[in-house]
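**Student:** Protein chains in written order, with our numbering: chain A, 1 to 347; chain B, 1001 to 1292; chain C, 2001 to 2327.
It is worth saying that the hints were derived from the structure and are not from the lab.
Keep in mind that the hints are not guaranteed to be accurate.
Derived DSSO-like pairs: lysine-lysine, alpha-carbon spacing no greater than 30 Å straight-line [what the hints assert, rightly or not]:
| id | chain 1 | residue 1 | chain 2 | residue 2 |
| --- | --- | --- | --- | --- |
| 1 | C | Lys-2158 | A | Lys-44 |
| 2 | A | Lys-287 | C | Lys-2285 |
| 3 | B | Lys-1130 | C | Lys-2227 |
| 4 | A | Lys-16 | B | Lys-1053 |
| 5 | B | Lys-1153 | C | Lys-2227 |
| 6 | C | Lys-2124 | A | Lys-44 |
| 7 | A | Lys-44 | A | Lys-73 |
| 8 | C | Lys-2227 | A | Lys-9 |
| 9 | A | Lys-163 | C | Lys-2023 |
Have a look at the derived ranges for each label pair, beta carbon to beta carbon [said to hold, decoys possible]:
| id | chain 1 | residue 1 | chain 2 | residue 2 | range |
| --- | --- | --- | --- | --- | --- |
| 10 | A | Lys-163 | B | Asp-1109 | 53 to 61 Å |
| 11 | B | Ala-1180 | A | Gly-43 | 54 to 62 Å |
| 12 | A | Gly-43 | B | Asp-1109 | 44 to 52 Å |
| 13 | C | Pro-2105 | A | Leu-30 | 24 to 32 Å |
| 14 | A | Met-250 | C | Gly-2027 | 15 to 23 Å |
| 15 | A | Ser-19 | B | Gly-1077 | 38 to 46 Å |
| 16 | A | Ser-19 | B | Arg-1290 | 52 to 60 Å |
| 17 | B | Arg-1290 | A | Arg-165 | 56 to 64 Å |
| 18 | C | Ile-2127 | A | Leu-104 | 23 to 31 Å |
| 19 | C | Pro-2105 | A | Asp-21 | 21 to 29 Å |
Every residue, glycine too, gets a C-beta built ideally from N, C-alpha and C.
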Amino acid sequence: MTIIPTPTKPWTASTKDRSIDGAIFLVALLSSYLLVSLTPLKGKLAYFVCFFLAYAILTTGFKGVQRGNAAAKDALVNSLVAIGAIVTVIPVASILTTVFQKGLPGISFNLFSHDMALATPTDPLTNGGLLHAITGTLTLMVLALVMSVPIGILTALYLTEIKGRFTGPIRFLVQAMSGVPSIVAGLFILSAILYPITKGYSGFMGALALTILMIPTIARTSEEVLNLIPNDLREAGTALGGTQWRTVAMIVLPAARSGLVTAVILGVARIAGETAPILLLTGGGDKVNPNAFTGPMGSLPYYIWKSFNAGSPEAITRAWAGLLVLVGLVLFLFTTARFLGSRKVSK
Amino acid sequence: MTTSHESENQEMQTSVKPSSLADVANAKAPKAPGTSALGTGLETRGVHAWFGKHHALSNISLDFAAGTVTALIGPSGCGKSTFIRTINRMHEFIPGAAMAGEVLLDGKDVYAPGTDVTKIRLQIGMVFQKPNPFPSMTIGENVLSGLKLAQLKVENKDDLLEECLERAGLWNEVKDRLGAHGGSLSGGQQQRLCIARALAVRPQVLLMDEPCSALDPGSTLRIEDTIRHLSDTMTIIIVTHNMQQAARVSDYTAFFLSDGGPGQMIEVAPTSEIFSRPQDSRTESYVTGRFG
Amino acid sequence: MSTQELVIPAPREIVTQPRHSDKVFRGVVTGGGLSSLAILGLIAIFLGYRGFEVLRQEGIGFITHSDWSISTDDAGNVLDSHFGLAAMLVGTILCSLIAVVIAVPISVFSALFLNFYAPGWLKKILITIIDMMAAFPSILFGIWGFLVLMPSVEYWAKLLHRYLGFIPIFDMQVPVYTRSPFVAGVVLSIMIIPIITSVSREIFSQAPLDRIQAAYALGATRWAMIKAVVIPHGRSGVIGGAMLGLGRAMGETVAVFTVLNIVFQVNWQMLLGAGGNVASLIILKFGDASPYEIKALMAAGLILFLLTLVVNAIANLIVKTTGKSGR
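Given the sequences, and given the hints that come with them, work out the whole structure.
**Tutor:** Right under this line is the structure:
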């Protein structure tokens, strides 16, 4: 009976390796500091660039001497991919901190209880609020949902359940539709419906444009979700004598429920912040407007846009506060979708 | 190359039904003694392997003499492939992998801290079960790809190319189309291409993980022929499910078994002995086909 | 056993008559599915219909000239008009190209980092962050870009001009650095990095594991393996992803509007604060446009629609064919 030794991982970096890495890191920091103080380079950019250059040169040189050319190139690419990842993430950090920093001062209770009917963006922040914007955005989202979810899910059902001869073209078109610029969707509704038929701004017009933007997202995500449902379920349904539509309605769709909800939420998150069609179609009212079919309707993007364009410090703070609310809403939707998506198979 | 192949074929045919694997083992052409054998060989001492908490391999101590072919046999799942992957340090790519023990190449532990793992893999080459030439490269580029990957400089690339393809038994078939696509060859040819590729970096040890299991019998025999000739200058360790193959090709055979726990090495002996006079009863059950 | 030859019968024809409810079901679902065809077609038709008059008047000059002026008399009748999108088209392409040139290397390196260098926990966190970034509203990028990023970008522009000014696109006659195509390009690049990174990440993760192992077994370092296996395999997929990002950048409206100075003159000098962008033009002019001018804007929308459609179609084609065959 052999005594079982403890499992080890001799390939992980030893303390010696780690301390060498640490030393290189510190030397790079030091040299960047020195370079910046001794040369006319200045600013955060200079520090970053000098640091990365120093780090890359040091690791490449060190590995080159220690292990040869191939290892040197490998070390260089190590630095590059790390830089890539960092550069990708920096804007997110910056955006989130800025939104918080600049938006928080504008948040107050009256923000959520008043609208801008009796105030202008340049007024001090105790006047007015974005109640109309919130109700407007919510109204738009609900309307767009009601119109786009059926079409999106039906499209997905066609692609997964019926698989008729239009499958290829429809899939292609859904992809194409996801690339339609939001302003084009806005112009389309403008030309097809607003000018000839309704002749006036309203929330409904905006919702129509948003529907066009939502359908591809919902259709694509739903298709993926429905494809994950194993065929055994469908076969069991038809073997029991069910018609196709009963099988789909009573077995497939319920099984895919949480995935479909995720698809819908992702679609909503996509359009929550869309600005261009709203600017063209909704008229951006300042009052809470319960009627989506007549009269201009406010929304968060429009409110932000209007405040930003007013220009004064109070107005800019209003814009940031509006952005904070909007980002909060998008993040909420996003995490809900993520959470539901990861709980997927709830059989 | 072709003549010795034919003579081996004839040997097999004249002994029609080999009455036992021992006969097959004994029917091999004798090895040419020590032709520039490289180094002092490979030794593993008390090698264990884990996948996370699962103890997969227990206390494998084997001494592979330079210039020999050792076959590792045993039923599926007893850790033979895991074992050879601990030798060329491919085991550590699996998340949660851990090991214990030593793997000594020329007396130096390949897991010693500060070892350059890429150099180890240049000295210990590997041929996989499924042929995997690089499709974006030509045949010639495939063979020399190891040099490019490790940034090794070589005096005469064409000579090296011809030598490796020759030793892998592929030169005659591809010498006129070295510029053709790596994927345009048959399965057996692709595997020989992978062998040539492994040879180009001049390893001391060659690990082969069931190299013929995805091939037809004709290609299998040609590759076994290649293995016999390669062992003149390197140490070869071959994992195989095919006992006849082990008997045909190897000098030593090690029998691995797992009884539900970690895989263990039950017995190692010269090939003819393990098939004619196995010491352990479990070995005997396996080689006589009672299980496996 | 009879010694007759076995006669192989012809296969029977199996006909299923779907139940009535299923016929309705199929009809409804097919209708829903075809809606995307209908919508895209309608977009093209309506924009074309509205913009037709202007297109007919301007002819090909709509795309090649660079002007936007309309004069009306008191009654609102159009006296004279010139509409030419050239500067805007050039601007759209310039800004989008800058965005792609900046975004692709960063995205590819990030995708490589995520797939081959990052430890498991870090990979999950970063993927969440990047997906989150893709969900941010464009107006956020526009305002953040204008208020926070622009000063830094102007500084970089000055550096570029000082040290690389001999290259024509970095040169300029009048040193006006604010609201240049370069700034717009940088903001757009930040917006499309998540898209390109996601697509690249998917492609790289499909690199064949057995070849990766073969490369390592030959003694390759991580970068050597990537160069030999991952990049040849993923090259066209990454190009497809880059084109998707390009399409997205071309259609962006508000993010560009805040940081770009719209000027009706074809300008390739990207550091100069004068640019064009079709989408932003539409927003800019829409506010107080006369009915005739609106037709011109519709025509502009049509051009933009067709442009993004083509780019996206090519991109999707490339990504699809790579994903499947894996070569």
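**Student:** Hint by hint, note whether the structure agrees.
**Tutor:** Okay, the hints, checked on the actual structure:
no., hint, in the structure
1, C:Lys-2158 <-> A:Lys-44, "holds, 15 Å"
2, A:Lys-287 <-> C:Lys-2285, "holds, 26 Å"
3, B:Lys-1130 <-> C:Lys-2227, "holds, 22 Å"
4, A:Lys-16 <-> B:Lys-1053, "holds, 28 Å"
5, B:Lys-1153 <-> C:Lys-2227, "holds, 18 Å"
6, C:Lys-2124 <-> A:Lys-44, "holds, 29 Å"
7, A:Lys-44 <-> A:Lys-73, "holds, 28 Å"
8, C:Lys-2227 <-> A:Lys-9, "holds, 27 Å"
9, A:Lys-163 <-> C:Lys-2023, "holds, 14 Å"
10, A:Lys-163 <-> B:Asp-1109: 53 to 61 Å, "holds, 59 Å"
11, B:Ala-1180 <-> A:Gly-43: 54 to 62 Å, "holds, 55 Å"
12, A:Gly-43 <-> B:Asp-1109: 44 to 52 Å, "holds, 50 Å"
13, C:Pro-2105 <-> A:Leu-30: 24 to 32 Å, "holds, 28 Å"
14, A:Met-250 <-> C:Gly-2027: 15 to 23 Å, "holds, 20 Å"
15, A:Ser-19 <-> B:Gly-1077: 38 to 46 Å, "holds, 42 Å"
16, A:Ser-19 <-> B:Arg-1290: 52 to 60 Å, "holds, 57 Å"
17, B:Arg-1290 <-> A:Arg-165: 56 to 64 Å, "holds, 58 Å"
18, C:Ile-2127 <-> A:Leu-104: 23 to 31 Å, "holds, 28 Å"
19, C:Pro-2105 <-> A:Asp-21: 21 to 29 Å, "holds, 25 Å"
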